[in-house]
Structures are given as structure tokens and as C-alpha cells.
Amino acid sequence: MAYKGADFYLSDELFTEEEILIRDSVRQFVTDQIMPIIAKHNREGTFPAHLVPGLGELGLLGASLEGYGCAGVSATAYGLMMVELERGDSGIRSFVSVQGALCMYPIYRFGSEEQKQHYLPDMAKGEAIGSFGLTEADFGSNPGGMRTRAEKTAGGYLLNGSKSWITNGTIADVSIIWAKLDGVIRGFLVDKGTKGFSAQDIKGKFSLRASVTSELLLENVEVPETALLPGTEGLKSALSCLNQARYGVAWGAIGAAQAVFDEAVRYAQGRVQFGRPIAGFQLQQAKMAEMLTEITKAQLLCARLGRLKEAGKATPAMVSLAKRNNVAMALDAARTARDILGAVGIMDEYQTFRHMCNLESVKTYEGTHDIHTLILGQAITGLDAFE
Amino acid sequence: MKIVVCVKQVPDSDAALAVNADRTWIVDSGINFELNPYDRYALEEALRIKEAGEGEVVAVSLGPARAAQVLKTCLATGADRAIHLKDEAFQGGDPWANAQALAAAIRTVEPDLVLCGFQANDDTLAQTPVLLAEMLGMPHATGAMKIEKTDTGVRVARELEADRREVVDLPLPAVITVQTGINEPRYASIKGIMAAKRKEMKTPGPADLGIDPSQVGAAGSRLRFFDLAVPPKKEGGEVLTGSTEEIAVALVKRIRENTGVL
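Residue numbers (the working numbering), protein chains in the order written: chain A, 1 to 387; chain B, 1 to 262.
It cannot be assumed that every hint is accurate.
[Stated by the list, open to error] Residues on chain A that point at chain B, a partial pick, calculated with CB under 10 Å: (1) L10; (2) E13; (3) E17; (4) D32; (5) G59; (6) G69; (7) A77.
[What the hints assert, rightly or not] Heads up, simulated DSS-like pairs for lysine-lysine below, C-alpha to C-alpha not over 27 Å straight-line: (8) K125/A with K191/B; (9) K50/B with K125/A; (10) K197/B with K86/B.
[Stated by the list, open to error] Computed footprint of chain A on chain B; a stretch qualifies when at least three of its residues, placed anywhere within it, have a C-beta under 8 Å from a C-beta of chain A: (11) 71-84; (12) 193-199.
No lab work stands behind these hints, which were simulated from the structure alone. Note that the coordinates shown come from a computational prediction; the quantities given were computed from them, not determined experimentally. Every residue, glycine too, gets a C-beta built ideally from N, C-alpha and C.
Next up, chain A with everything else stripped away, as it sits in the complex (with noise of 0.2 Å):
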């Protein structure tokens, strides 16, 4: 049977027929490409990096923007591609997202005429990495604490410091280096290859296991003026690109539990225990009925999400509400789906035990669940439980 993710509510009735169109482009493309090769990437550790040219082919990277050879799509189109992404896999869903959300997004929003045209035409295609240089060692929920610094010089910057957790760091041509230049922080754009600029990937990851994750050095780095990204003014510019990879994340979410959700009915109809099949045992059926409504439940709140956003009303809060509850609901539902799989559900043959690998780190990054906690608490009294 053809895979079609859970849709208990015919939230399909709440999009257009455009969107319904690129949703099921995208599942094919995820069906045919991702699903038969991502369990042995995931094995190995490695970035499946042939898919790449593929997904700009399709235009999913950068869908969001206008022009420079982006499709332009609405907030939920977009958010709905996330969806079928994460279906296959966490790791590829969040390539998509910092080279679309945290990388051509930040270009596009606060970058020269120059450097748009540069870099977006061939990130659009695939043809050029980016990576999203925020997050440092011990600077993680705290980024405005950041070390490193850049300096002007007489033909541009010098850059000094490390990044952490930085996904496609060791494949990225360019990275957008966030520093401190007169203690504002401001987003660099930093060519592979540059003199002393170095990667390196992390290993030993239970997670995203399939993606790559790097540590990026930077020792000396002259820069010319041009690398400057001359809109960015702040802590908020870099926020304002977590911003639009949450929503994401949001959307990307519903994928991973509609795929343990599929996984977990299929094997319960099918595994005889007691002379019948365990999906007619009470216990696993009140495990599937709390998964198909919190999945519903969160396919409902980014339908109406990203009608907001379309509408200029989306505010932070609301975007961190949706990626708090999505991702543990969606990670719940691993968790929930890997008990009904019972000793299978620990065997990479099935997806679950990956998806539920993956959500841990998705749990985390993009604002852990707690600091969006915190976020959520701001809105609700005025006052910050940080800064």
C-alpha cells in the first residue's frame, strides 16, 4: 500500500489545490528516493549528498522566497514539504531547512543585491551549501553570550572564534558566521576554503544520524567588506532566521509521528499474539487513539498557523507554541510506536526507533522545548524567565 500520511480530521480540505499538488509531489519524491536508501545512511552515519541536486530540481530549497530562481510558495506549502521530508527522515528534513530557512533566507532578508544574486540562484539548485553559524560550544539557549568577535580592518573584518552544532558544516560552501563587531552581533558570510577557516564533523551522534553536524574554527579570518551581511543589526536578525526554521520544524514534526503512527498500525494489524492480531487488543488501541489525536490535534494547529503567517499575524510565540507541542508530541509518538513494534521496534529494518532517535535532537535544537516554555511564559505575564 502506497503510503498516505494520517489525516483523521480531512485537514487536506483546509489547502488548496496547488498545495494538496506539491504535498504529493514531494511524497512521491520522498517515497522513491529517500525511504529505500535512508535506513542505511542512517546506519553508516553518512549524508545521503546525491539527493541534493534532486531536491533543488523540485524546488525545495528556499521554496518560501520570491525570485533568484526560488518557487515563492505559500507559509503552508511550505510548511506541508516539511512535512513529507520529515516523514523520511529528521536529518534530511533539517538539510532542507538551514539551507533554505537559515541560510538563503538570512541572504535574502538581509543581504546586498550583490550577494543575493551571488549565492541564492545556485543554493536554490543545490549547486552551493549553506550553513548556519550561531550556536557555540557553551553558548546554546544563551547565543547573545557568544565569544566570537570580529574585527575591522582596513580591507574588511577579522574573525575570531568557534561555532558548535552546526549542521552541514564540513559540506557547506558558505557559512553565515554570527560575531560581535563592536559588541553587535552581525551575520558574515564566510567562503569554504577561506585562510583559517576550518571544520570539522562530530561524531559518536545516537541522532540525525543521517545529517551532518560540525564544529567550525576560525582563527584569523580576513574577510573582505562585502562579506558583511548589511541588514543584520543584533541578536534579533539571527532570531528572526530560528524564527522561520521553527515553523518548520512545526510543520516538519507531524511528518515523523505520521510515519511511526503508519508504521506501528500496519505492524499491530498484522502481528498474531494470542491467536489474533494485537490491534485488537485494548492496550495497543488505546496507544493508537492518543497518537491519531495528538496528530491531529497538531495538524490542526499548523493549518491555522500558517494561514497566520501567510497573513503577516504569525508572532514568535505563537510559532514556538506550535514547535514545543508538535516535536514532543511527535517524539511521544515514537516512543509509543516503538512499544507496539515491540522487539522489532528496536531493528533499523523499521523506521521508528530512527524517527525517535531523531526527534531527541529536533526536541533540542531550534530553541530546546524548555526555552520555548519560557518563551510561551513571557508572552503569557510580560516577564522574561531569562535575560
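Fit chain B to the given chain A structure using the hints.
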């Protein structure tokens, strides 16, 4: 080169099918439909031929309002325009009546080449393209695994049994049916999907095409389905038990008695 691709909307290959009350067709509500898988290859081949030179790809489909979806898929995948024969008069036809309607629509395009899928996944009759060629007065080749442009027309490698190919030369215009596996169909790109809404989709009726409604659709059909049934469930076979040797002896005995092969 101007290329027409004939496409059909068929039930999803994994749709749960039920026979309708008068046993003439399936119940077509409550199931999902898709572009006939064979037609995806025909479309891809048309797009490749066009991209190798220049020209236009026109997707044509006969089917009810819902069939517009497969034409939109064609437009999103790269077809330049579409013709949808959705008038009630065209519906419910057999291959002969459908070919009549398609031929009339295709004449308005004046194509150099007409590509169709080898067969439709629902009725698997594989007759419409051949009838269509005859009505259009064009030569045809079926089951193409390779299509090459030549100085005088096209060279087609047809699939035969046991991996053999028959190579035929056809002058243009011609009708060719395409076998699966001839190429790797592309996905509808996001930009293609967004561009599709600006592409033309015509919906001519019988009068627009100058055809007599009695010659198309159910009225023009010579073939009728009158008793469709779900095949009876096969009885559970006989399970032989015993030692390997006993099972082998029992099996040979049954083959000998029941088939006469041994």
C-alpha cells in the same frame, strides 16, 4: 515538434474497489484516482523529445470533471497546455467511442506525434491508441521502449517477449504507445506546479469539435460491460504433511494424476 500526449485518470492502484449495483463498472466514489502510470512515461518521453529540440506538448484527456486533476499534473510536470473532454456526451464510452472523441480533439492540434501509455491501468484494454491512429489516418507502433528522431520520421524499438525488440521506422505524424521503463519520469517541480495555473486548459464539447454526440460516449459505444464480478475467493489448497520423502511422493502422485505432466 508538436506532441499530443493522451492521458487517463484511473483509480489508485491500491484503491479498494467494489462493483456497482447494476454490475457494469466499479463504484467510483470514495476512492482516490491517479494519472495512469503508463501515461507518466508517455508524458516524460514527450517532454524529452520537446526539450531535445523545440515545440509544444499538449495533454489531452477524456473523463469527468475530476479528471482535470491529471491534466493539472501534466501541466505541472511540463506540458504546455491541456484539452479536457469533460462534456457529459463524451462519458461512458468504449475504446471506439473514446477514440472518436480524442481524434476530433487531436485534429484541432495538428500534431507531429501522438504519444499514449501502452494501456490504462483500469480496463487494460490497450485498444484506444490503435483505433485512434486508424481514425487519424496515422501509422502506429505499440509498446515503445525507445523512440528516436530520424530524417524521415521516427525509429521505434518495440518490446517483444523474452527481452527481444522489434525496430520499426514510421513517417510522421504517427501514434506511438509507450511501455513503462522507457525512461524515468520526473516529478512535478514546485515551480512547475505554481506555473500550471497560468497554462491553458480547454474544455471543448461535441459541437466545438464538430462531432455528432451519438458517435461518442455511451451512445456511440459498441462494447458494453454487462456483468462485472469480483473473482470468487480461491479455496484453500491442500497442505501435504509427513516426512520430506512422504510429501515428495504425495506431490508427484498429485501432479501425475491431476495434470498429466509426468
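Tested hints:
no.	hint	result
1	L10	violated, 13 Å
2	E13	violated, 14 Å
3	E17	holds, 7 Å
4	D32	holds, 8 Å
5	G59	holds, 3 Å
6	G69	holds, 9 Å
7	A77	holds, 8 Å
8	K125/A with K191/B	holds, 12 Å
9	K50/B with K125/A	holds, 22 Å
10	K197/B with K86/B	holds, 18 Å
11	71-84	holds (count 3)
12	193-199	holds (count 4)
The structure shown violates the earlier hints numbered 1 and 2.
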